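K.L.:
Chains L, Z, F and D, in that order, give the protein sequences.
Residue 49 in numbering that gives the first Met the number 0 sits at position 50 of the first sequence, with consecutive numbering throughout.
Residue 5 in numbering that gives the first Met the number 0 sits at position 6 of the second sequence, with consecutive numbering throughout.
Residue 0 in numbering that gives the first Met the number 0 sits at position 1 of the third sequence, with consecutive numbering throughout.
Residue 221 in numbering that gives the first Met the number 0 sits at position 222 of the fourth sequence, with consecutive numbering throughout.
Calculated from the structure, these hints are not laboratory results.
Be careful, since some hints might not be right.
Since the list can't tell identical chains apart, any single copy or any two copies may satisfy a pair.
[Unchecked claim] Listed below are the simulated DSS-like cross-link pairs for lysine-lysine, each with C-alpha atoms no more than 27 Å apart in a straight line: (1) Lys4 to Lys50; (2) Lys133 to Lys50; (3) Lys133 to Lys189; (4) Lys175 to Lys50; (5) Lys50 to Lys138; (6) Lys173 to Lys4; (7) Lys138 to Lys47; (8) Lys4 to Lys175; (9) Lys56 to Lys133.
Computed from a predicted model, the values in this text were never measured in an experiment.
Protein chains: 4
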Amino acid sequence: MTQLKLNCDLGEAYGVWHLGDDEPIMPLIDQANIACGFHAGDSSTMLKTLKLARANKVEIGAHPSYPDRVGFGRRSMRIAPEDLYNDVLYQTAALTGMAATLNIRVSYIKPHGALYHDMLSQSVTFGALLQAAKDCALKLMVPAGATTQFMQEQAANEGVELIFEAFADRRYTKHKTLLPRAEPGAVLSKCEMLEQARRLITDSCVISDCGTPIELRADTLCVHGDSPSALAALQEIRCLVNACVD
Amino acid sequence: MTQLKLNCDLGEAYGVWHLGDDEPIMPLIDQANIACGFHAGDSSTMLKTLKLARANKVEIGAHPSYPDRVGFGRRSMRIAPEDLYNDVLYQTAALTGMAATLNIRVSYIKPHGALYHDMLSQSVTFGALLQAAKDCALKLMVPAGATTQFMQEQAANEGVELIFEAFADRRYTKHKTLLPRAEPGAVLSKCEMLEQARRLITDSCVISDCGTPIELRADTLCVHGDSPSALAALQEIRCLVNACVD
Amino acid sequence: MTQLKLNCDLGEAYGVWHLGDDEPIMPLIDQANIACGFHAGDSSTMLKTLKLARANKVEIGAHPSYPDRVGFGRRSMRIAPEDLYNDVLYQTAALTGMAATLNIRVSYIKPHGALYHDMLSQSVTFGALLQAAKDCALKLMVPAGATTQFMQEQAANEGVELIFEAFADRRYTKHKTLLPRAEPGAVLSKCEMLEQARRLITDSCVISDCGTPIELRADTLCVHGDSPSALAALQEIRCLVNACVD
Amino acid sequence: MTQLKLNCDLGEAYGVWHLGDDEPIMPLIDQANIACGFHAGDSSTMLKTLKLARANKVEIGAHPSYPDRVGFGRRSMRIAPEDLYNDVLYQTAALTGMAATLNIRVSYIKPHGALYHDMLSQSVTFGALLQAAKDCALKLMVPAGATTQFMQEQAANEGVELIFEAFADRRYTKHKTLLPRAEPGAVLSKCEMLEQARRLITDSCVISDCGTPIELRADTLCVHGDSPSALAALQEIRCLVNACVD
């Protein structure tokens, strides 16, 4: 049985603008992906979120993005790989250095939004991220599924350790890719999500959109808690994970 | 005789926009104050400037600013001390972490522009900078002169080492402050500048606007090289410093 | 009896980040001060807010700010008057031109945050705003009170019409200035606020912090609706105003 | 014989950073494409450039971009068409309103950089730009060549007038597209450029990369003047155009 961790995107406020319920979420997760200022997160939000992670002994990941605050990093940008590498380095370094003043450390990079998606289809983008992770001596969080083998080989070449994540609330195709959001049934109901989480925890598998089980080996489960119902579901997933440990 | 170092603001390009002649300047100086993205310097410029400093074995300082790119950090902003501390931390951490990937390190912080000036008149601003330097385990570069004693006491309390700098090209008052730029004679001619540099190097003093010599103990001399004539003057100052060492 | 209008700051979302309850507030007010992108408000938020104002036949004001999004325009910046003029012009022009595509027009400028406050103490700042209002052929909204006479004279010289506003929820001193927020009693309770609104509507006066009534001639009342209780209070103020008209 | 105009991108400074030689270029051209703040151009630069255009009686175009200052608008961004429309509207409105305070008007929109290129391959992008031009009652500047007919039909449907431009310094393929920059011979020598300009002016044609003449009906010629040699070439092109008029 896999000991799955739970990870969540946090620190996504900006200036006076709030986003997400970081306080109640942090105690429920194992890994916090913290925004680094390019899509969300100003310096004050970053330090506050780092302190919250420290108080809850949560592992910390840098959550870098394309430089697109007004678009929340959700819009693909055609950036030269070396500039992308530099942008990821800048963001990761900022978070890492701030964490160091609190005597805690960042242990991985998880790309945000469009950058995360582009990493799956553009090998130069994945290469830039691998290089950044390598040069920062950090792990890289990527999706479990269709690209697992390719990514593992590339990462092994660079000596970078990958963390594979699965999504609790999204339907997978039989090809181990996410069913696009626009498709019917792409986003799971709370009930389906809990069932998928249970399967991932106990059997390392999910039921694809074809109705057949497919194997999905993941180290961590990406969760959300940005609404009262999402928070309630997250609490149940936490219980599922804890029960498996015992 | 004081072994003065030479420091200069570098890495102040942004995107396609150039500024300064970093390449010819870098070999002539001992300490490079590198912009960290808030008033100038994008991630690519920062990495390039760090590499140039490494190639020339130049000591590196973080050069953080108020968050004001269009104003080049020259406009005072009334920022809460804790937010200022966070902003300085963010910028310094970004540069420090990028430097670490090149196996070099940042050794001091020199505030930029309006932040530098506000540090002299606002004790909370100086306090925030001291705290940032302390928490990053870096020295803090400040002006030699009227505020030396106050700053030394405050820094000693925090256990922060200060680097005192003098200005080669600016006239000092008898109170060891800079004559405001608007005043006649405030900016020295090349000839006067070289004379002032010579006195600082050999006698730790300058001639004030009253015509009398005043003592000014500095560790480093702030220089500019952003025009052909400025670069020529910088080369002469470099020769003066080198001559004194021998 | 004065026919007071109600004005409110709206359109202060940014990208994915929400702020304020524009939809329920808009029908209750007469004048919407719409953010123009420098402290809040991206192009999509601006157009959406303009459409909401049009649907509710609400008068529109440009709500320009210092260029400080992360600080929400609440931090004073020492900007040269000509650059400030240009920044105000840019923001006002952007909103005005967007409104024109909807066949509606902007009728006044109300400075935001720190810019609003600096206008009261810095005559060059007020001058830059007056000039911008003049060149855009718009009115300028300013506080009623201590500075009324000075502002009226300056505005008359420039041929700019002023709109004077009072604050429903803030205590005034006998000098017709706002009691600073830090002082006890500076922010009124809901009950006190409604009483102050009633007096402003019926008697053009408020009770100062000394307990004596002072005259305060205002054209419009600045209101907030950014919480359920604030919205409820706003509805009551709307009723007060409507009752006075009948 | 076609009376070709000359157009040039201007106002591309930002804050302290200079770019281009606007002063000597402006008297040589007929149409100035002025940056609106998203890839270059702050409010002060915009007003200054507008005044320079007015002094030289040069027609003014808004030169909007993707929101990407550090990338100078040269990087494609996948923005939703309605957000793109809003961004173009915001930028165009800002310039138009600033021009109005100088009693001059903007007459067309020319998209900048990656937005210009995306307009050619993405019909939704072209559609958003057409809509913006329509709603602002402005013309839209587009390339002459392969897409002419499609664009003319779309524009006619919306009632938008197009301005077709040719490039003096770029090689065309026989398909009336630009030879990609990476290809050998893609960028013309000064001598070739002058020859191409002459053909465009006198014969409405260019010699393609196959060596055969192809018809290219353009209203305006895009020129550059951002180096001493480019400025000298621009002066010669100006003479060619003037000679044809007589």
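K.L.:
Which of the listed hints are broken here?
P.N.:
Hints 3 and 4 are the ones this structure does not satisfy, whereas the remaining hints hold.
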